[in-house]
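K.L.:
Sequence:
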Amino acid sequence: MRISRSIIICLIVVGFSLTAQSKAPLGESEIKGSKKIEFINRSLRKASDDIIQENTETGKKLAETLAKENTADSDGVKIQRILPGADGKLGADILSISENQSFDHVNSIARILASYIEKSFQYKAGNAETLAQYILYYNATHRKDAKFFGKKYTAGVMEVTSPDKLGIDTVYKNWPGKTQIIIPIEGNILKDSGKDVTTDELEKDVNKTVKDKEKDPATKQKMEDEAKKMDKLQTDKLKDEKKVLQDKKEEVAKEGKNLQDKKDSLKKQEAEAVASLNELKKDPVKNKTEIEKKTEEIKKIEQEKKDTEQKTQAVEAKKEELSKKEEQIAKKEEARTGTTTSGDGAKKEDAVQKVEAKVEELKNELAQTKEELKKKEEQSDNVVNNKILFMKFIKYDTDGHYSNELWAIDPAKDDALFKSSYNNICSKEFKEIANQGVLVLGYDGEKVETRKHKLVLLDPDKLGVKKTSESADIFWRTPMINRDDKIYVIEKVKDKYHVSRFKSDLTFEKRTEEPVEENSELTFFGDKIYVTGKPKEGDKTTIKVFKKEDLSLLKTIAP
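According to mature numbering (1 follows the signal peptide of the UniProt record, and there is no 0), the stretch in the sequence shown is residues -22 to -1, 1 to 537, in order.
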């Protein structure tokens, strides 16, 4: 049998596994419904270095242009961006191939996609290649399926696409002028562009399609291998996002502090200017020129105050968005414990059963907690903002270190149960801080010996992180004493321990110059603080007495 040199049929397996995440480069819910996917290419010849370079450059140019505009064209390939809708539906970057552009092999399109994703959404090259394959499989599976895309994507996407061009055909002849590859996108505050590929839906739908509908053994195996890459991509993405989130929160906190300092300064300037103006007005004729100047100065201060307030509101909006992202990451992290690749159906079922058992266990604990609360005539100390809070032990790490979770029951919502998105809690107790939130002791770092501990203030409503004592290293067994709108703890400074005081919003205020024992008890009496050390065996017990106002040492008592 003779084979035409111009047409060679090549089976291309396009299968990958995506892991859940938002703020990411690909649209999340976009690869459902599957069948055997075979791409028929013009040639089987290996791409030359020039072709590979050309494809890569095309992807980069598209990304660079789209960073400035909503449409980009390069070498017969066009990408148009439609942002996610207010209705919660996905947005899309739509890649079209012109009638005058033809590709010998689907790998050229995959390289353009990978290069574009790497540049636009800050993915590593290998991960971008995996996502490109998922997008191709997804779009081939849903070729011309306007009903599918219409359910998931905002109306703007459907307005600029044609039902007979949606997705990508498996035959190379039908690519020029008849292709509209949908790359699902969503907002992501952690990305430089504020946009990301929705990877969660890609992972979920593609893996399900491969598991339930893919019949070709070779394709199925290849897709399951790619699913493992996607799973690692998703897991690594969560870790990376947590680091970026922390950096962003620190930046926003610093920005907020600078704005508050400026507001305080402007308030002082305005008060002084108004006082000066009132003094000048005592002799309006003599001071006419000075009054005009001072009046103009006050106007400028008022305008600057308005500008500063607008910036403050923008910072608060960022804080809120970062808080939502933190909750989202926590939920995804928890959900991934029950997420498996397409070839692990039995393991997934087992994981689901374990999660359900855990939920049932929590419900039983909550029922017991509620029963105990009913017996009390007054509201208990663990009722905060009309919600019942309790600490759940998770694991014992080592040397007395624990990991705990903070949970809440909402009696007003039929006893709905929810968990704080902050998972690094080491304290066995929490404290309600009036007009601020819930105080716990948290930590940064995986290894116990290198952990840095800090005070963490949680929002009283959703239990998301509101603020932390970032610059301080708090002793991990410290008492947390809340008195007179101040918080007293034991802090570690240069391998020594001191009593430190924070404002109720965790702003550092003062620490003792004299060090104390790390395991110390604090007793308040009048205007003094008695710090009783718990020395090691053989050492003498000492009680250091500090002045509460400035934490200066008054005397040392040695029983």
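These are calculated hints, taken from the structure and not from any lab test. Among the clues, some could well be false.
Calculated lysine-lysine pairs in the DSSO-like style (CA-CA distance at most 27 Å, straight line) [said to hold, decoys possible]:
(1) K182 to K232
(2) K271 to K260
(3) K526 to K445
Using C-beta positions, here's what the derived DEER-type ranges look like [unchecked claim]:
(4) S140 to A292: 58 to 64 Å
(5) E47 to N236: 31 to 37 Å
(6) E47 to E229: 23 to 29 Å
(7) K284 to K186: 34 to 40 Å
(8) E427 to E229: 43 to 49 Å
(9) P537 to K220: 34 to 40 Å
(10) K391 to S358: 44 to 50 Å
(11) Q291 to D517: 26 to 32 Å
(12) E407 to V471: 57 to 63 Å
(13) E299 to I276: 33 to 39 Å
(14) F371 to A292: 36 to 42 Å
(15) A45 to A295: 20 to 26 Å
(16) E299 to P537: 40 to 46 Å
(17) N78 to E229: 43 to 49 Å
Backbone N, C-alpha and C define an ideal beta-carbon position, used for all residues, glycine too.
K.L.:
For each hint, tell me whether it holds in the structure or not.
P.N.:
Hint by hint, here is what the structure shows:
1. K182 to K232: At roughly 38 Å apart (the allowed maximum being 27 Å), K232 and K182 break the hint.
2. K271 to K260: Holds. K271 to K260 sits at ~16 Å (cutoff 27 Å).
3. K526 to K445: Satisfied, since the Cα-Cα distance of roughly 25 Å is no more than 27 Å.
4. S140 to A292: 58 to 64 Å: violated (40 Å)
5. E47 to N236: 31 to 37 Å: holds (33 Å)
6. E47 to E229: 23 to 29 Å: Once the Cβ atoms are compared, 28 Å apart, the range 23 to 29 Å for E229 and E47 holds.
7. K284 to K186: 34 to 40 Å: violated (53 Å)
8. E427 to E229: 43 to 49 Å: violated (29 Å)
9. P537 to K220: 34 to 40 Å: violated (48 Å)
10. K391 to S358: 44 to 50 Å: Since the Cβ atoms of K391 and S358 sit about 19 Å apart, the hinted range of 44 to 50 Å is violated.
11. Q291 to D517: 26 to 32 Å: violated (55 Å)
12. E407 to V471: 57 to 63 Å: Violated - the Cβ-Cβ distance for E407 and V471, about 24 Å, lies outside 57 to 63 Å.
13. E299 to I276: 33 to 39 Å: Holds - the Cβ-Cβ distance for E299 and I276, about 35 Å, lies within 33 to 39 Å.
14. F371 to A292: 36 to 42 Å: holds (40 Å)
15. A45 to A295: 20 to 26 Å: holds (23 Å)
16. E299 to P537: 40 to 46 Å: At roughly 55 Å between Cβ atoms, P537 and E299 fall outside 40 to 46 Å, so the hint is violated.
17. N78 to E229: 43 to 49 Å: With a Cβ separation near 46 Å, N78 and E229 satisfy 43 to 49 Å, so the hint holds.
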